[in-house]
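**Student:** Under my numbering, the first residue of the sequence shown carries the number 365, and numbering increases by one thereafter.
In case anyone wonders, no lab produced these hints; they're calculated from the structure.
For each residue, glycine too, the CB sits at the ideal point set by N, CA and C.
Hints are not guaranteed to be accurate.
The calculated lysine to any residue pairs, modelled on SDA-like cross-linking and capped at a C-alpha distance of 20 Å, are [claimed, not checked]: (1) K373 - V412; (2) K593 - I569; (3) K368 - Q399; (4) K373 - L390; (5) K548 - P495.
Computed Cβ-Cβ distance ranges for the label pairs, DEER-style [claimed, not checked]: (6) I467 - V517: 16 to 26 Å; (7) K465 - D379: 18 to 28 Å; (8) L456 - E415: 15 to 25 Å; (9) G474 - L513: 50 to 60 Å; (10) I594 - T560: 25 to 35 Å; (11) I471 - L419: 36 to 46 Å; (12) T370 - T393: 12 to 22 Å; (13) E372 - E469: 40 to 50 Å; (14) L507 - T560: 26 to 36 Å; (15) L530 - R576: 53 to 63 Å.
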Amino acid sequence: MAYKVTSEKFNGPLDLLLQLIEKEDLNITEISLAQVTEQYIEYLEKLVEIEPEELADFLVIAGRLLLLKSRALLPYLETEVEEESLETQLKLYKEFIEASKKIDEMIKQGRFSFSRTRPPAKTEIEFSPPPNINVESLKDCFLVVLKRLDPLVKLPRQMVEKTISLQQKILELKEIFSNQKNIKFHNLIGNAQNRTEIIINFLAILELLKQRHLTVKQHGSFNDILIEKI
């Protein structure tokens with residue numbers, strides 16, 4: 365059942381109403397667009413399934429009628445740009461509705477990948493310099509571009525130092541005390557490569573003290589520490 369407009373001045377299809385108004389056979393001010401819209405909503409409520417194309421057609425025609433009525437009631441607001449913009453948006457909306465239906469049909473058919481309908485167009489890249497250019501001018505342009513670039517900065521080369529772990533140092537101390545009964549802390553750290561290794565030595569001694577493998581003695585505040593095996 366197609367939608368028909370029913371009013372005091374017109375009875376018939378919506379597209380015919382638009383044709384009559386555009387031909388000036390019918391005055392747009394005598395048609396209530398609010399009534400047309402209400403009738404169309406009632407018509408949609410009775411439908412089991414709403415076709416997107418039909419809904420898009422109504423929006424296009426209703427939008428055109430709304431534009432014509434606004435121009436009739438407010439002629440000083442009439443502009444060609446607004447008219448073209450509205451029509452373009454409505455046509456674009458209709459295209460999206462049609463495209464969405466096609467995509468929906470493809471999804472229902474399980475078509476999720478598509479091959480090209482034609483091979484990509486071949487494009488040839490050509491360098492077309494101005495006729496008055498020469499080698500010297502090209503070189504000058506190249507130098508100007510180079511001057512605008514940030515200079516390359518050579519970063520200093522750094523060597524990554526190998527750091528011994530705490531567990532390794534504990535094993536190393538156990539090996540030392542398996543061959544001797546005591547050692548001075550100053551002698552123990554004498555071969556340390558850096559401050560980090562000294563700290564690891566100190567932490568390893570503390571761990572062995574906690575495990576009661578070693579004991580330490582110091583005979584004065586600033587004297588050397590003597591580390592002894594228990």
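**Student:** Evaluate each hint against the coordinates.
**Tutor:** To see whether the hints hold, each was checked on the structure:
{"no.": "1", "hint": "K373 - V412", "verdict": "violated (30 Å)"}
{"no.": "2", "hint": "K593 - I569", "verdict": "holds (11 Å)"}
{"no.": "3", "hint": "K368 - Q399", "verdict": "holds (12 Å)"}
{"no.": "4", "hint": "K373 - L390", "verdict": "holds (8 Å)"}
{"no.": "5", "hint": "K548 - P495", "verdict": "violated (86 Å)"}
{"no.": "6", "hint": "I467 - V517: 16 to 26 Å", "verdict": "violated (53 Å)"}
{"no.": "7", "hint": "K465 - D379: 18 to 28 Å", "verdict": "holds (20 Å)"}
{"no.": "8", "hint": "L456 - E415: 15 to 25 Å", "verdict": "holds (19 Å)"}
{"no.": "9", "hint": "G474 - L513: 50 to 60 Å", "verdict": "holds (54 Å)"}
{"no.": "10", "hint": "I594 - T560: 25 to 35 Å", "verdict": "holds (28 Å)"}
{"no.": "11", "hint": "I471 - L419: 36 to 46 Å", "verdict": "violated (20 Å)"}
{"no.": "12", "hint": "T370 - T393: 12 to 22 Å", "verdict": "holds (18 Å)"}
{"no.": "13", "hint": "E372 - E469: 40 to 50 Å", "verdict": "holds (42 Å)"}
{"no.": "14", "hint": "L507 - T560: 26 to 36 Å", "verdict": "violated (50 Å)"}
{"no.": "15", "hint": "L530 - R576: 53 to 63 Å", "verdict": "violated (18 Å)"}
Of the numbered hints given earlier, the model fails hints 1, 5, 6, 11, 14, 15; all others are met.
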